[in-house]
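Quick note, the sequences are listed as chains A and B, same order. Start counting the first sequence at 1; every next residue gets the next number (the numbering used here). Start counting the second sequence at 351; every next residue gets the next number (the numbering used here).
No lab work stands behind these hints: they were computed from the structure. Incorrect hints may have been included.
Unchecked claim - Simulated pairs of lysine-lysine, BS3-like, Cα-Cα distance not exceeding 30 Å: (1) A:K247 x B:K597; (2) A:K179 x B:K529; (3) A:K179 x B:K597; (4) A:K179 x B:K632; (5) A:K247 x B:K529; (6) B:K597 x A:K176; (7) B:K529 x B:K597; (8) A:K176 x B:K529; (9) B:K526 x A:K176; (10) A:K282 x A:K179.
Model, not experiment: these values are computed from the prediction.
Number of protein chains: 2
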Amino acid sequence: MRRGSVLEGVSIAYETWGEPNEARDNGVMLFTGLSPSAHAASSPQDQSPGWWEEMVGPGRPIDSNRFYVICINSLGSCFGSTGPASTNPKTGEPYRLDFPILTIEDIAHGGYETLKALGLESLRAVAGSSMGGMTALAFTMVYPQVSSGLLDISAAARARPFAIALRSLQREMIRKDSKWQEGNYPPGDGPIAGMRLARKLGMITYRSAEEWLHRFGRERIPEERRSGDAFCIDFEIESYLEAHANKFIGQFDANCYLYLSRAMDLFDVADHGGSLASGLDKVGAKKILVVGVESDFLFPVAQQQELAQGLDRNGRSVQFARLGSIQGHDSFLVDMDSFRPVVADFFNTV
Amino acid sequence: MRRGSVLEGVSIAYETWGEPNEARDNGVMLFTGLSPSAHAASSPQDQSPGWWEEMVGPGRPIDSNRFYVICINSLGSCFGSTGPASTNPKTGEPYRLDFPILTIEDIAHGGYETLKALGLESLRAVAGSSMGGMTALAFTMVYPQVSSGLLDISAAARARPFAIALRSLQREMIRKDSKWQEGNYPPGDGPIAGMRLARKLGMITYRSAEEWLHRFGRERIPEERRSGDAFCIDFEIESYLEAHANKFIGQFDANCYLYLSRAMDLFDVADHGGSLASGLDKVGAKKILVVGVESDFLFPVAQQQELAQGLDRNGRSVQFARLGSIQGHDSFLVDMDSFRPVVADFFNTV
Numbered sequence: 001m002r003r004g005s006v007l008e009g010v011s012i013a014y015e016t017w018g019e020p021n022e023a024r025d026n027g028v029m030l031f032t033g034l035s036p037s038a039h040a041a042s043s044p045q046d047q048s049p050g051w052w053e054e055m056v057g058p059g060r061p062i063d064s065n066r067f068y069v070i071c072i073n074s075l076g077s078c079f080g081s082t083g084p085a086s087t088n089p090k091t092g093e094p095y096r097l098d099f100p101i102l103t104i105e106d107i108a109h110g111g112y113e114t115l116k117a118l119g120l121e122s123l124r125a126v127a128g129s130s131m132g133g134m135t136a137l138a139f140t141m142v143y144p145q146v147s148s149g150l151l152d153i154s155a156a157a158r159a160r161p162f163a164i165a166l167r168s169l170q171r172e173m174i175r176k177d178s179k180w181q182e183g184n185y186p187p188g189d190g191p192i193a194g195m196r197l198a199r200k201l202g203m204i205t206y207r208s209a210e211e212w213l214h215r216f217g218r219e220r221i222p223e224e225r226r227s228g229d230a231f232c233i234d235f236e237i238e239s240y241l242e243a244h245a246n247k248f249i250g251q252f253d254a255n256c257y258l259y260l261s262r263a264m265d266l267f268d269v270a271d272h273g274g275s276l277a278s279g280l281d282k283v284g285a286k287k288i289l290v291v292g293v294e295s296d297f298l299f300p301v302a303q304q305q306e307l308a309q310g311l312d313r314n315g316r317s318v319q320f321a322r323l324g325s326i327q328g329h330d331s332f333l334v335d336m337d338s339f340r341p342v343v344a345d346f347f348n349t350v
Numbered sequence: 351m352r353r354g355s356v357l358e359g360v361s362i363a364y365e366t367w368g369e370p371n372e373a374r375d376n377g378v379m380l381f382t383g384l385s386p387s388a389h390a391a392s393s394p395q396d397q398s399p400g401w402w403e404e405m406v407g408p409g410r411p412i413d414s415n416r417f418y419v420i421c422i423n424s425l426g427s428c429f430g431s432t433g434p435a436s437t438n439p440k441t442g443e444p445y446r447l448d449f450p451i452l453t454i455e456d457i458a459h460g461g462y463e464t465l466k467a468l469g470l471e472s473l474r475a476v477a478g479s480s481m482g483g484m485t486a487l488a489f490t491m492v493y494p495q496v497s498s499g500l501l502d503i504s505a506a507a508r509a510r511p512f513a514i515a516l517r518s519l520q521r522e523m524i525r526k527d528s529k530w531q532e533g534n535y536p537p538g539d540g541p542i543a544g545m546r547l548a549r550k551l552g553m554i555t556y557r558s559a560e561e562w563l564h565r566f567g568r569e570r571i572p573e574e575r576r577s578g579d580a581f582c583i584d585f586e587i588e589s590y591l592e593a594h595a596n597k598f599i600g601q602f603d604a605n606c607y608l609y610l611s612r613a614m615d616l617f618d619v620a621d622h623g624g625s626l627a628s629g630l631d632k633v634g635a636k637k638i639l640v641v642g643v644e645s646d647f648l649f650p651v652a653q654q655q656e657l658a659q660g661l662d663r664n665g666r667s668v669q670f671a672r673l674g675s676i677q678g679h680d681s682f683l684v685d686m687d688s689f690r691p692v693v694a695d696f697f698n699t700v
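Please put together the full structure from these sequences, using the hints given.
In structure tokens, the structure reads:
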């Protein structure tokens with residue numbers, strides 16, 4: 001692990017779409033945001049829709065007829081890859097807080113080892129959004145020979161203090177829930193109240209004020225859905241957040257959330273050589289698309305612009321797409337009409 | 351109370367600067383944001399600096415040599431005015447959640463009764479920032495004959511869903527703290543953990559990402575200030591939020607916070623006649639200054655612009671000042687160099 005300590009017997013969960021070609025050089029690796037699993041899209045093995053269903057598959061922008069697409073469940077997550085909720089082989093108990101400090105570079109490392117295990121030596125592109133965009137960037141810095149392309153969406157070369165403040169507060173919500181028990185909650189009986197608050201704050205930062213103004217305005221929930229408690233849900237926007245929180249809790253392990261959230265704060269390209277420029281100099285990808293969204297206030301578009309400008313040297317071909325989607329940071333998950341053509345154009349050229 | 355129920359034996363705490371003139375027509379009434387007391391500035395009676403120290407006093411922009419300045423502690427607050435923490439004369443216990451639903455109009459009513467008790471019938475201006483700006487607006491709608499001027503800073507004609515979402519989450523943080531006890535915590539032993547989280551989220555929404563980028567960047571706290579706990583404070587921005595939270599908790603009653611926060615969500619000028627336009631038609635003030643700040647994302651500048659445009663009819667003189675301060679919603683408390691001249695210009699003409 002980058003910050004010291006060794007993990008043994010690591011598993012990395014992944015899913016694939018398409019087949020490797022004979023030269024085994026048609027791979028595309030996808031890294032995810034904080035919370036999704038490796039199930040980016042449906043497949044014959046798992047027909048449920050994935051988190052990027054419209055983007056990955058036969059004839060889709062990341063075309064599995066052309067590419068061998070591999071999506072990685074992040075090291076530190078809880079959907080098959082080794083993380084704080086996994087059993088520590090030394091103790092037979094979950095790692096919990098004995099899990100070593102996790103960095104974005106460690107997650108990229110998990111992707112690299114998976115690639116080797118699949119018998120591939122190169123990639124056409126490494127891609128990711130949000131935390132996944134940080135991971136894709138780390139991947140091509142740390143393994144510069146592997147991928148000729150980079151698609152980096154709604155991410156950043158380093159976390160800024162505003163985003164750190166929000167994530168730090170989300171972690172505090174979880175840690176201050178008495179059921180967290182300093183990380184030692186029994187499996188399946190974690191700090192649900194804290195996770196609910198953290199998820200609601202997440203949703204607030206993942207969307208945009210403009211979207212909600214159009215979508216909810218000051219609409220109230222109908223009388224029959226009111227609990228009657230003091231300070232109960234009154235506005236539709238409150239009900240929307242409640243529904244999202246209900247969907248999330250129980251699915252995601254609290255300690256895994258803490259580790260992954262912290263990894264985003266710690267990420268800084270400047271750790272690779274002392275400055276943003278020296279870090280970006282190490283990037284191996286030559287064909288690059290950076291995408292940002294104007295209404296994103298968690299990873300503001302100035303950060304994607306900074307990244308694109310910093311990468312645009314050393315003979316690289318760098319495109320920057322600034323999208324007007326109003327759904328904020330989450331636009332890449334929901335505004336498919338804006339993202340589909342941009343992503344398709346990029347993959348037509350790699 | 352606007353939403354029904356009656357409060358008996360109400361107290362409204364206030365402070366004053368300057369003296370009423372002979373005609374008793376030089377009054378200026380200040381309403382506050384959610385958390386301050388009526389102590390806007392130092393005075394011979396209380397020499398500690400107030401929350402708007404540079405703005406109120408002899409020779410200052412709201413000049414107590416000219417005006418009789420009255421600052422009102424909001425009904426529902428806990429700094430002298432009757433609120434959920436006050437004793438209910440019917441039970442001898444604090445009101446707690448038996449306090450009736452509080453609206454911004456009720457707070458304005460508290461100001462109006464104070465004015466009458468002071469023997470004044472008119473005001474040169476009613477002024478306020480944030481929640482206080484909502485209250486000043488409500489005042490001049492509900493008592494249109496009283497004040498000829500209105501200064502409305504970083505406020506809005508109604509809450510939008512993004513701000514409602516944030517405040518709703520802050521309230522949930524408090525309500526989910528087991529020490530809240532459905533509002534029945536013993537005085538002095540309230541939901542401190544929840545209040546701490548709510549205050550941190552408050553600070554995040556009161557300032558701006560840009561300010562923190564310049565001020566903190568990715569600076570770390572020195573080794574000797576680290577607790578060594580898992581997920582302990584690491585970045586300076588985390589330490590800043592912690593210091594603000596420590597200052598706040600203990601000072602402010604949790605139930606009062608819940609009532610005042612909810613009052614902001616409920617406020618809607620359109621409740622006065624069915625539409626924004628019909629509500630603003632009722633505004634009695636003729637000389638109006640609306641101020642907004644570009645970096646404010648809690649009360650975005652589009653809301654002040656909407657307010658100024660909506661008021662600019664019926665022969666009123668309406669000015670709109672759009673300030674470039676980078677301190678977000680809190681700019682009126684900290685960016686005195688931008689606010690001082692704007693406020694002084696307004697009071698030179700009322």
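Quick rundown of the hints versus the structure:
1. A:K247 x B:K597: 35 Å, violated
2. A:K179 x B:K529: Holds, at roughly 14 Å.
3. A:K179 x B:K597: 27 Å, holds
4. A:K179 x B:K632: 52 Å, violated
5. A:K247 x B:K529: At roughly 27 Å apart (the allowed maximum being 30 Å), B:K529 and A:K247 satisfy the hint.
6. B:K597 x A:K176: 19 Å, holds
7. B:K529 x B:K597: 19 Å, holds
8. A:K176 x B:K529: 12 Å, holds
9. B:K526 x A:K176: 11 Å, holds
10. A:K282 x A:K179: Violated, at about 43 Å.
Checked against the numbered hints listed earlier, the structure breaks hints 1, 4 and 10; every other hint is satisfied.
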